[in-house]
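Asks: Sequence:
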Amino acid sequence: MSSISHVVVVGHGMVGHRFVEALRARDAEGTWRVTVLAEELDPAYDRVGLTGYTEHWDRTRLALPGNDYLGDELVQVRLGQRVVDLDPTSKTVTTDAGERFEYDALVLATGSYAFVPPVPGRDLPSVHVYRTLDDLDAIRADAIKTRETSRAPVGVVIGGGLLGLEAANALRGFGLNAHVIERSGRLMAQQLDEAGGTLLGRMIGELGITVHTDVGTESIKPAQRNRPLKRSAEDNSMRVTLSDGNHIDAGVVVFAAGVRPRDQLARDAGLEIAERGGVLTDVSCTTSDPDIYAIGEVAAIEGRCYGLVGPGYTSAEVVADRLLGGAAEFPEADMSTKLKLLGVDVASFGDAMGATPDCLSVVVNDAVNQTYAKLVLSDDAKTLLGGILVGDASSYGILRPMVGEPLPGDPMALIAPTGSEDGATALGVGALPAAAQICSCNNVTKGDLTGAIADGCCDVPALKKCTLAGTSCGSCVPLLKQLLEAEGVEQSKALCEHFSHSRAELFEIVSATSIRTFSGLIERFGTGRGCDICKPVVASILASTSSEHILDGEQASLQDSNDHFLANIQRNGSYSVVPRVPGGDITPEHLILIGEIARDFGLYTKITGGQRIDMFGARVDQLPEIWRRLVEGGMESGQAYGKSLRTVKSCVGSDWCRYGQQDSVQMAINLELRYRGLRSPHKIKMGVSGCARECAEARGKDVGVIATENGWNLYIGGNGGMTPRHAELLAGDLDDETLVRYIDRFLMFYIRTADRLQRTAPWVEERGLNHLREVICDDSLGLAVEFEAAVERHVDGYACEWKGVLDDPDKMSRFVSFVNAPDVPDPTIEFTERSGRKVPTPVSIGMPKVGR
1 MSSISHVVVV
11 GHGMVGHRFV
21 EALRARDAEG
31 TWRVTVLAEE
41 LDPAYDRVGL
51 TGYTEHWDRT
61 RLALPGNDYL
71 GDELVQVRLG
81 QRVVDLDPTS
91 KTVTTDAGER
101 FEYDALVLAT
111 GSYAFVPPVP
121 GRDLPSVHVY
131 RTLDDLDAIR
141 ADAIKTRETS
151 RAPVGVVIGG
161 GLLGLEAANA
171 LRGFGLNAHV
181 IERSGRLMAQ
191 QLDEAGGTLL
201 GRMIGELGIT
211 VHTDVGTESI
221 KPAQRNRPLK
231 RSAEDNSMRV
241 TLSDGNHIDA
251 GVVVFAAGVR
261 PRDQLARDAG
271 LEIAERGGVL
281 TDVSCTTSDP
291 DIYAIGEVAA
301 IEGRCYGLVG
311 PGYTSAEVVA
321 DRLLGGAAEF
331 PEADMSTKLK
341 LLGVDVASFG
351 DAMGATPDCL
361 SVVVNDAVNQ
371 TYAKLVLSDD
381 AKTLLGGILV
391 GDASSYGILR
401 PMVGEPLPGD
411 PMALIAPTGS
421 EDGATALGVG
431 ALPAAAQICS
441 CNNVTKGDLT
451 GAIADGCCDV
461 PALKKCTLAG
471 TSCGSCVPLL
481 KQLLEAEGVE
491 QSKALCEHFS
501 HSRAELFEIV
511 SATSIRTFSG
521 LIERFGTGRG
531 CDICKPVVAS
541 ILASTSSEHI
551 LDGEQASLQD
561 SNDHFLANIQ
571 RNGSYSVVPR
581 VPGGDITPEH
591 LILIGEIARD
601 FGLYTKITGG
611 QRIDMFGARV
621 DQLPEIWRRL
631 VEGGMESGQA
641 YGKSLRTVKS
651 CVGSDWCRYG
661 QQDSVQMAIN
671 LELRYRGLRS
681 PHKIKMGVSG
691 CARECAEARG
701 KDVGVIATEN
711 GWNLYIGGNG
721 GMTPRHAELL
731 AGDLDDETLV
741 RYIDRFLMFY
751 IRTADRLQRT
761 APWVEERGLN
771 HLREVICDDS
781 LGLAVEFEAA
791 VERHVDGYAC
801 EWKGVLDDPD
811 KMSRFVSFVN
821 APDVPDPTIE
831 FTERSGRKVP
841 TPVSIGMPKV
851 GR
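No gaps in the numbering here: position 627 of the sequence shown is 627 in the UniProt record's numbering, and each next residue is one more.
Hints in this document: simulated from the structure, not taken from any laboratory. Treat the hints loosely; a few may be bogus.
Said to hold, decoys possible - Once the Cα atoms are required to be at most 30 Å apart in a straight line, the calculated DSSO-like pairs of lysine-lysine come out as:
1. LYS811 to LYS683
2. LYS535 to LYS465
3. LYS493 to LYS535
4. LYS803 to LYS535
5. LYS481 to LYS535
6. LYS145 to LYS535
7. LYS535 to LYS683
8. LYS606 to LYS338
9. LYS535 to LYS338
10. LYS221 to LYS91
11. LYS465 to LYS338
12. LYS338 to LYS145
13. LYS493 to LYS683
14. LYS481 to LYS221
15. LYS606 to LYS803
16. LYS382 to LYS481
17. LYS91 to LYS145
18. LYS338 to LYS382
19. LYS145 to LYS803
20. LYS481 to LYS606
21. LYS338 to LYS481
22. LYS493 to LYS481
23. LYS465 to LYS481
24. LYS465 to LYS493
25. LYS338 to LYS683
26. LYS535 to LYS811
Produce the entire structure from the sequences given, and follow the hints as far as they go.
Replies: This is the structure:
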């Protein structure tokens, strides 16, 4: 054993762990013994997925595989021991526990620390950083205390970068009204240009997080109160004063203003430090001492620190190779990033900011659908240099590997809207060369993956295990599946990692069993605890297969915010209320009732495109009383909040119009009353026109009905989603009874077999009109009677969801602004007047203050 060399690794984060794995995997002769000294008590965990900890509070679920090196006698890990001294002369390090370790080689993997600018008050007890699991535990504790002691529970995040937005999302999940303060003029200024950052800010604002840009933080002070709101509880309120003179009263403040390399140990030891911090290394990751290496965020490779896990892993691989006699060098780093912030897709790759001289830009900025895409091209427009995607990043997997490669076609087509036949998504992984890098975190090319497939890897988990692609940030996983399909390998249709079944299979399981809870379903047919993919899907399936109230028991916890409060949340945190108006047919009494309620509660009213009246601006605590007056007046929930039937639009039909051929109003009323409350994979809209002049725009709906001289023409699969599509004729000249039977069959076939969040248009396109005609009209599957019976059960069991809350004290208890002060309105919900209209007070990220 005397011939074995000893390497000490300082730090056990993601990069330190990767180094140990890489060294041990390559050192078949066992020439190196490894000691890992970790300051944290937790072994290496997924810091990229830190926000996921707020969903389950289970530290073990973030643990990186193999972080205990069980059974490897050449690796020992010392947790909770911070290295306080490094002596390059004696080649030793000493921990705060007094232990001293000699080394032949030392690897510094100390990472970075959260930067806290010198803001007065930064050391107050309820001021935190967002960096470790312990940090999140502390933030959570203060958030709970804030909810219990404050009438307006507010949390402030200082910093509008990636970590800042993740922190804001965490605060929102803790039940706080989150504010983000960003000194620059846009969010994620390091990754996004002005247009992309502004759109992201607008979308984040609409999700209920208040964004303040172009403003700094002057001070944080304990808030002065005349009396405590709850004498038995400690009041941790603070006042955050901004550089523009405004202030925010908050119970929790989180600094997410960037990171700095943890290079103090190296500084004190006399190692060379880069101009902007970080341990200076060459491309071999060797420091000014030839026996000391630096990897990850602490390493300033040729003077530059990299804050992403991908370059960190690359540096770990380089040092592992060097210790075993190799000559690996750190290549040009891929700084691409793709993430989903509060449900909003964001991606940047390559030269996203267009720093290359004489480069060109191609931009598609769709304000209506809230998507922004930019490609940066070489001066001859033939080579892709980089890009930015906000709102829809589905083409990221194809575009990022193309950086530096000749464009395969028109650059505008590469960022065409999703669904376009010549878009990047349609272009497919087949267009990529073998050298294209699919996984930038682990430097895996398309050639590596196709080679693994040829060697027998037949699914995504096998590819991940064999090549490590998709095991870090996970953004390339969809591309792995596409590549398998392109190589002719049939793929699993698993809903998510917790269910190996597709949505359609889960629907059949629920229908065939007595299981009526998510916990019961996942215990018997799934694994783990579920996620934000499978929970709402199962909630929808349960609602589609029974008449139970969606807020009954365990189901309530599965719903999104709209279904949770049976109303649509608006950009300022208020809600809109939409009573049902079947077919647009409304009585004067109901018009007066809506007007009186809007007047009494100060709501803004708007006639919707579905011939209903929407009342905007209600607080959570006002919703039950609004519903009570509507229900007592003979109206019911319009379910504008649910993935279900929204409206059936109609013209005035044969009663009034001289061109009308059938009673379109009555047919619209009949259809809306029949299918109201029917939960589905996505929202459904219908239209009934009394003649071919199409005043109800029926062919733009999921189900369109147009009167003919002999009956009704039935159209299916039209809607106004991201790619508007006209419905196609399924059958013509139908009588009333046949029309309803066919719609029953169409809807139930769709509900049973569609994927999650799949609208009818792509579902019809996927299955083909001829096949659907065989199933629906010819009953080729023999399921027509079953489909129709399912609809009849729904009709018989339908009940207004608003009334279900009013009749249940337990459900009513949900509808308060603050649990500890149920009668206190939420003061953070503000409105302003614009051109005589009541509108939400705009957020501060470039939202127009005058007419749009």
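Asks: Now look at each hint and say whether the structure bears it out.
Replies: Now for the hints, and whether the structure bears them out:
no., hint, result
1, LYS811 to LYS683, "24 Å, holds"
2, LYS535 to LYS465, "27 Å, holds"
3, LYS493 to LYS535, "17 Å, holds"
4, LYS803 to LYS535, "25 Å, holds"
5, LYS481 to LYS535, "23 Å, holds"
6, LYS145 to LYS535, "28 Å, holds"
7, LYS535 to LYS683, "18 Å, holds"
8, LYS606 to LYS338, "37 Å, violated"
9, LYS535 to LYS338, "24 Å, holds"
10, LYS221 to LYS91, "47 Å, violated"
11, LYS465 to LYS338, "22 Å, holds"
12, LYS338 to LYS145, "34 Å, violated"
13, LYS493 to LYS683, "22 Å, holds"
14, LYS481 to LYS221, "52 Å, violated"
15, LYS606 to LYS803, "23 Å, holds"
16, LYS382 to LYS481, "28 Å, holds"
17, LYS91 to LYS145, "48 Å, violated"
18, LYS338 to LYS382, "24 Å, holds"
19, LYS145 to LYS803, "34 Å, violated"
20, LYS481 to LYS606, "44 Å, violated"
21, LYS338 to LYS481, "17 Å, holds"
22, LYS493 to LYS481, "10 Å, holds"
23, LYS465 to LYS481, "14 Å, holds"
24, LYS465 to LYS493, "19 Å, holds"
25, LYS338 to LYS683, "28 Å, holds"
26, LYS535 to LYS811, "20 Å, holds"
Checked against the numbered hints above, the structure violates hints 8, 10, 12, 14, 17, 19, 20; every other hint is satisfied.
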